[in-house]
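Chains A, B, C and D are the protein sequences, given in the same order.
Taking the numbering used here, the leading residue of the first sequence gets 1, the next gets one more, and so forth.
Taking the numbering used here, the leading residue of the second sequence gets 1, the next gets one more, and so forth.
Taking the numbering used here, the leading residue of the third sequence gets 1, the next gets one more, and so forth.
Taking the numbering used here, the leading residue of the fourth sequence gets 1, the next gets one more, and so forth.
Derived by calculation from the structure, the hints in this document are not laboratory data.
Be careful, since some hints might not be right.
To spell it out: a stretch of chain C is covered by chain B in this simulated footprint if at least three of its residues, at any positions, have a beta carbon under 8 Å from a beta carbon of chain B; those stretches are [claimed, not checked]: (1) 5-19; (2) 239-253.
If you want the ones that stay clear, here's a sample from chain D, every Cβ over 12 Å from chain A, calculated [to be verified]: (3) Ala8; (4) Lys19; (5) Arg58; (6) Thr114; (7) Ala154; (8) Leu170; (9) Gly183; (10) Pro190; (11) Asn218; (12) Leu244.
The beta carbon of each residue, even a glycine, is placed where N, CA and C say it ideally should be.
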Amino acid sequence: MSELDFSTTLGPAWFPTPVFTASGCASSGKELSQFFPLNAIGAVVTKSIMLKARPGRPTPRMAETPSGMLNSIGLQGPGIDAFLANDIPWLLEQNARVIVSIAGENVEEYSVLARRLRSVGGISAIEVNISCPNVENRGLVFACDPNASRAVVDGVRRTLGGDIPIIVKLSPDVTDITEIARGVVDAGADALSLINTVLGMVINVDTMRPHLAGKTGGLSGPAIRPIAVRNIYQVHQSLPKTPILGMGGVRSGRDALELILAGASGISVGTATFSNPVTIINVQKELRELLAAKGFASLRDAVGFAHRNE
Amino acid sequence: MSELDFSTTLGPAWFPTPVFTASGCASSGKELSQFFPLNAIGAVVTKSIMLKARPGRPTPRMAETPSGMLNSIGLQGPGIDAFLANDIPWLLEQNARVIVSIAGENVEEYSVLARRLRSVGGISAIEVNISCPNVENRGLVFACDPNASRAVVDGVRRTLGGDIPIIVKLSPDVTDITEIARGVVDAGADALSLINTVLGMVINVDTMRPHLAGKTGGLSGPAIRPIAVRNIYQVHQSLPKTPILGMGGVRSGRDALELILAGASGISVGTATFSNPVTIINVQKELRELLAAKGFASLRDAVGFAHRNE
Amino acid sequence: MSSINRHAKHITATVVGNKRIGQYHQILLSVGDIVQSTHPGNFVAISVGGENSAMILRRAFAISRISHRSDKGDGTMELIVAPHGSGSRWLCAQPEGASLDVIAPLGTAFGIPTAPAQALLVGGGYGSAPLFGLAEVLKSRGCRVDMILGASTASKIYAPIEGKRSVNSLKIYTEDGSAGISGKVTDPIPGLIQEGVVDVIYSCGPMAMLAAISRIANAAEVVHQCAVEESMACGIGVCMTCVLPVENSEGETKMLRSCIEGPVMDGANVQWELVGKVAK
Amino acid sequence: MSSINRHAKHITATVVGNKRIGQYHQILLSVGDIVQSTHPGNFVAISVGGENSAMILRRAFAISRISHRSDKGDGTMELIVAPHGSGSRWLCAQPEGASLDVIAPLGTAFGIPTAPAQALLVGGGYGSAPLFGLAEVLKSRGCRVDMILGASTASKIYAPIEGKRSVNSLKIYTEDGSAGISGKVTDPIPGLIQEGVVDVIYSCGPMAMLAAISRIANAAEVVHQCAVEESMACGIGVCMTCVLPVENSEGETKMLRSCIEGPVMDGANVQWELVGKVAK
Ligand SMILES: Cc1cc2nc3c(=O)[nH]c(=O)nc-3n(C[C@H](O)[C@H](O)[C@H](O)COP(=O)(O)OP(=O)(O)OC[C@H]3O[C@@H](n4cnc5c(N)ncnc54)[C@H](O)[C@@H]3O)c2cc1C
Ligand SMILES: Cc1cc2nc3c(=O)[nH]c(=O)nc-3n(C[C@H](O)[C@H](O)[C@H](O)COP(=O)(O)OP(=O)(O)OC[C@H]3O[C@@H](n4cnc5c(N)ncnc54)[C@H](O)[C@@H]3O)c2cc1C
Ligand SMILES: Cc1cc2nc3c(=O)[nH]c(=O)nc-3n(C[C@H](O)[C@H](O)[C@H](O)COP(=O)(O)O)c2cc1C
Ligand SMILES: Cc1cc2nc3c(=O)[nH]c(=O)nc-3n(C[C@H](O)[C@H](O)[C@H](O)COP(=O)(O)O)c2cc1C
Ligand code: FES
Ligand code: FES
Chain A
1 MSELDFSTTL GPAWFPTPVF TASGCASSGK ELSQFFPLNA IGAVVTKSIM
51 LKARPGRPTP RMAETPSGML NSIGLQGPGI DAFLANDIPW LLEQNARVIV
101 SIAGENVEEY SVLARRLRSV GGISAIEVNI SCPNVENRGL VFACDPNASR
151 AVVDGVRRTL GGDIPIIVKL SPDVTDITEI ARGVVDAGAD ALSLINTVLG
201 MVINVDTMRP HLAGKTGGLS GPAIRPIAVR NIYQVHQSLP KTPILGMGGV
251 RSGRDALELI LAGASGISVG TATFSNPVTI INVQKELREL LAAKGFASLR
301 DAVGFAHRNE
Chain B
1 MSELDFSTTL GPAWFPTPVF TASGCASSGK ELSQFFPLNA IGAVVTKSIM
51 LKARPGRPTP RMAETPSGML NSIGLQGPGI DAFLANDIPW LLEQNARVIV
101 SIAGENVEEY SVLARRLRSV GGISAIEVNI SCPNVENRGL VFACDPNASR
151 AVVDGVRRTL GGDIPIIVKL SPDVTDITEI ARGVVDAGAD ALSLINTVLG
201 MVINVDTMRP HLAGKTGGLS GPAIRPIAVR NIYQVHQSLP KTPILGMGGV
251 RSGRDALELI LAGASGISVG TATFSNPVTI INVQKELREL LAAKGFASLR
301 DAVGFAHRNE
Chain C
1 MSSINRHAKH ITATVVGNKR IGQYHQILLS VGDIVQSTHP GNFVAISVGG
51 ENSAMILRRA FAISRISHRS DKGDGTMELI VAPHGSGSRW LCAQPEGASL
101 DVIAPLGTAF GIPTAPAQAL LVGGGYGSAP LFGLAEVLKS RGCRVDMILG
151 ASTASKIYAP IEGKRSVNSL KIYTEDGSAG ISGKVTDPIP GLIQEGVVDV
201 IYSCGPMAML AAISRIANAA EVVHQCAVEE SMACGIGVCM TCVLPVENSE
251 GETKMLRSCI EGPVMDGANV QWELVGKVAK
Chain D
1 MSSINRHAKH ITATVVGNKR IGQYHQILLS VGDIVQSTHP GNFVAISVGG
51 ENSAMILRRA FAISRISHRS DKGDGTMELI VAPHGSGSRW LCAQPEGASL
101 DVIAPLGTAF GIPTAPAQAL LVGGGYGSAP LFGLAEVLKS RGCRVDMILG
151 ASTASKIYAP IEGKRSVNSL KIYTEDGSAG ISGKVTDPIP GLIQEGVVDV
201 IYSCGPMAML AAISRIANAA EVVHQCAVEE SMACGIGVCM TCVLPVENSE
251 GETKMLRSCI EGPVMDGANV QWELVGKVAK
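Okay, chain A solo, but in the shape it has when bound (with noise of 0.2 Å):
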């Protein structure tokens, strides 16, 4: 067993192991690290940060639902510069591997984000949260707009140059996810992350309205997982080379195993982490001895094994 190749890369980064954070579901950190050390696992994905510092929506922000959630958080964040100040340096000291997510309000913001990252030393890649309205186009989300998407990746891709590693993290809330895929990997994409939350809503049958204050949120937890797995395997048939970062209900490592089998090269835990802080350690352990019980000799050889013989 101690003979797998438990590593993965996406892109030019190589990560020891491929279980990850997801964005917005780990803070940025230091909750976690008093239930495992953080360099334990593959990365740490940092919540999406944007320019400035953000309240985020009013409460409430979420909302139960069978085998999932929805949660309408508004991107609460410090802003890139106290996240550089404070976040950043507390990861590194920990030896953690960091992806750091942003999210921009304008194409314009995802490069003035990309630009101030440049700089920083030891982050692993950067995560582009592509799920946020583009302020200047109707609120209409980026990533459900081909052109808005690839104007976004193009404008980090000249940014940032070759130096940092850019994952590209879609919305399942669209028509064609090939499409959107292409069009970013197109633009300078070196990975992509599937899946977003999914767009969702709940009503308070008590008030007899929206129970999010946002009215709208994302749906999330095992709920979604034969979404997020479809979207793998759709992207994954279409664009066999480009790495994938998996999410979406994943909560054990036979669940992660499915995300890997359909086309992923590593996989983020999400709102797993919510009902139990170490869920991402059992995933990893699980993951681990389910690949050598299959007999796989690395993990790589069972990304996208559903595939074989089409």
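Please build the complex by placing chains B, C and D with the ligands on the supplied structure of chain A, with the hints as guidance.
Positioned in the frame of chain A, the structure of chains B, C and D with the ligands alone reads:
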């Protein structure tokens, strides 16, 4: 409580109660008639019928998922002739109100099906299921293509004239559901059904291949309810005058109320019938009691109530 | 009303016994009146996981045996359950006194010969479960009942001592030789047919076993009734997930629902080679 | 490692008592060592619904009281649970001997005065739960402890007899007058402050009650520590769902996580009028 007006309309079609079966989740009605009289519910929505008899997909055709299931039946059915000869007369004999769901492989087929149904007396409405692959356009699902979905509805409308109300059933697997909705309403839909299943996939970790013979399948059940509520809310907001038949994960009166507050005028119960054949009767009873307890004088007053003061 | 699901009732059953036997659990349910309309081959569909369960579908189990004291309306049903995945494990963990949400009886039953006949009952794994109830009925109709049970290993053989009373002979086969004869249940069948001691074969077990028996029975032109097992979402005929390719009298292959036109089917009609293949 | 969640442990706790008291369940958990680092105000996060639960999030409950026989490592924790929705109902249905998946202790604790002081403890509904544990600590530090409990009706008052021993006075208010004085817990507070018998107010209960007490305390410039209750998805600071608008020392309002920077907060800093409103 006896005061409550529990009736509903979907365009010109009137129903004494707003709770229906969901297409494909009650076969042609016979199987459920052992558990309750079919005329006790709002209407029986029959399994989507096609022109010719179809064997459907090979097995496995289903996979259970957290709070949901995937199905890939492939529209197995006897074809319109056998359906009209056997199923419709039987249903009408039971005094059931009947909504016939139709599905075609190309735009023309929908019109042909509509023509066959036009002459049949006693049908309350036709549900046009456009979540099928269009064989004339690389298998692209009609419901994912604004032009194709309009064309289908346009053809059916022309064929039917004003004789039978048309309910068009949309797929949630699109970037902008309101665009598709507006298109089919412009083309003559009297009402909309929301939502069909969400495209998903399960990988069998033993065989390490997609579990379903059809690879992808449709996700249904409580897991998708927040997606259904969101779609219904968005469409009702965009087209407040268009009646909506809501479905997706309803298994209690509380769930039904959620969809009604979001904008549905009627409710189809699908997957929940598999867990309990009398779910529809329970939902109907609970919904009636809930509406009365909340002080509504009629179901109609509750439709879209979550949008008030917007 | 149609005749489909004619006897099916939605009831709350009480667990009155739960005993481990080898790798299985023998679960005894108090079910009331419905035993009156229950026949060997029928199955039950049980909700699993409790009120807040993420498992939304029922699980199907063959009814192994029934007993009634009809005067008291307190019939019982026995199930033999293999703890396989999360639902069956949950069921096996239910203590005496637990309430279960059950729909039963469902599906077709084994056909019983109108005149005494020589019956061969072949079971694989927990597939032996419904055969003991069947054996009792056959014996009471004056049939000769020979039983062959097989499994990969001894602990997967289900053959209760009481059950042995209702058969004329019982042979056990295990693939690893850990009990009975080393080999497969299908090994002795051609010989028995040749000897002329088999008028009808009844079988229940893994699909591959049923297919193999069908080939033997077809070749020898012996009637073969088998109880199939396809994944079922509803168990009552409304979802179309449980279909099998079956040839009808006109020679056409139709996808039939194994929950209402099965689980007991005529082995000669099932198109075993088409199961899980692209439909015609 | 940071100091957030410093004492939090993920443990399996055993239910050693479950008693109905009025509309609540008093649930006693055997939790081992962690009582050593548990303080009044801390809360637990419990998984609900069992292994196959469709409820994926933990439920938060205040720790009412703890007891330790530290030599044996067998500390216990008491919770007062209102059967509200499906998760809390499941918890209230757990029998003695059941195992629970628990993370504890979580969150901030009530600050204890360094010198003996006159403390007023105000609880609404099950909000009285943590106040009894707090009262014991305050008494042991030489404080005078007056307690006022309120609820809509008598059965929603939680005031166990043992608890009364640790307070100097206890007044009960019900809105329907079914127990104690008819009225709200907030009614007597201004008078008590005026009398000069209140150095510090501790409160726990519905948000509207905490807001009302804050207004009174702010006006009178009395220190007010309140334990808030916002919906929490994680309970450990990673999800940002449980935030409240709180003013910091520079006069800026920040959305603070009530799971790690609460539940005990300084009532004067919480911007009650902004809760649930568009953030600034
Ligand atoms: C007519 C019939 C009779 C049966 N009789 C028995 C019996 O007497 N004893 C017994 O132990 N088992 C029997 N089974 C199989 C039993 O239904 C499955 O073992 C059980 O559904 C597995 O559920 P799970 O949650 O433990 O497994 P999981 O693998 O977690 O189940 C996931 C889903 O797949 C379905 N599934 C998984 N395995 C099977 C299977 N082998 N057959 C059908 N569906 C499956 C489940 O119903 C569920 O919907 C029978 C099945 C059928 C259709
Ligand atoms: C710090 C803290 C301490 C608490 N202490 C107690 C206590 O001592 N005794 C007690 O009975 N209850 C207490 N609660 C409230 C308790 O957490 C909720 O009643 C419980 O979560 C309801 O879950 P449910 O499944 O029964 O209800 P549902 O309404 O089905 O829950 C659905 C979702 O909403 C959340 N939710 C619903 N109501 C509340 C609420 N009032 N507060 C927070 N989240 C809610 C649930 O956690 C869950 O995620 C406390 C809450 C917090 C945050
Ligand atoms: C509370 C919460 C906050 C999230 N915040 C972010 C975020 O800031 N940026 C981002 O790209 N994704 C965010 N996500 C999405 C997750 O990273 C992940 O893509 C999604 O939740 C699916 O995975 P899961 O089912 O494992 O949670 C958030 C999800 C949740 C539940
Ligand atoms: C097994 C199965 C078969 C279905 N067949 C059809 C169909 O033939 N036509 C159709 O329009 N929808 C079909 N549907 C979709 C349902 O009608 C419904 O839109 C969907 O399942 C969501 O509702 P639910 O969560 O209540 O099941 C089918 C769903 C299932 C689960
Ligand atoms: S299981 Fe639903 S039709 Fe057979
Ligand atoms: S509950 Fe998750 S941050 Fe407080």
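Comparing the hints with the structure gives:
no.: 1; hint: 5-19; verdict: holds (count 4)
no.: 2; hint: 239-253; verdict: holds (count 8)
no.: 3; hint: Ala8; verdict: violated, 6 Å
no.: 4; hint: Lys19; verdict: holds, 28 Å
no.: 5; hint: Arg58; verdict: violated, 6 Å
no.: 6; hint: Thr114; verdict: holds, 28 Å
no.: 7; hint: Ala154; verdict: holds, 24 Å
no.: 8; hint: Leu170; verdict: holds, 33 Å
no.: 9; hint: Gly183; verdict: holds, 26 Å
no.: 10; hint: Pro190; verdict: holds, 29 Å
no.: 11; hint: Asn218; verdict: holds, 22 Å
no.: 12; hint: Leu244; verdict: violated, 8 Å
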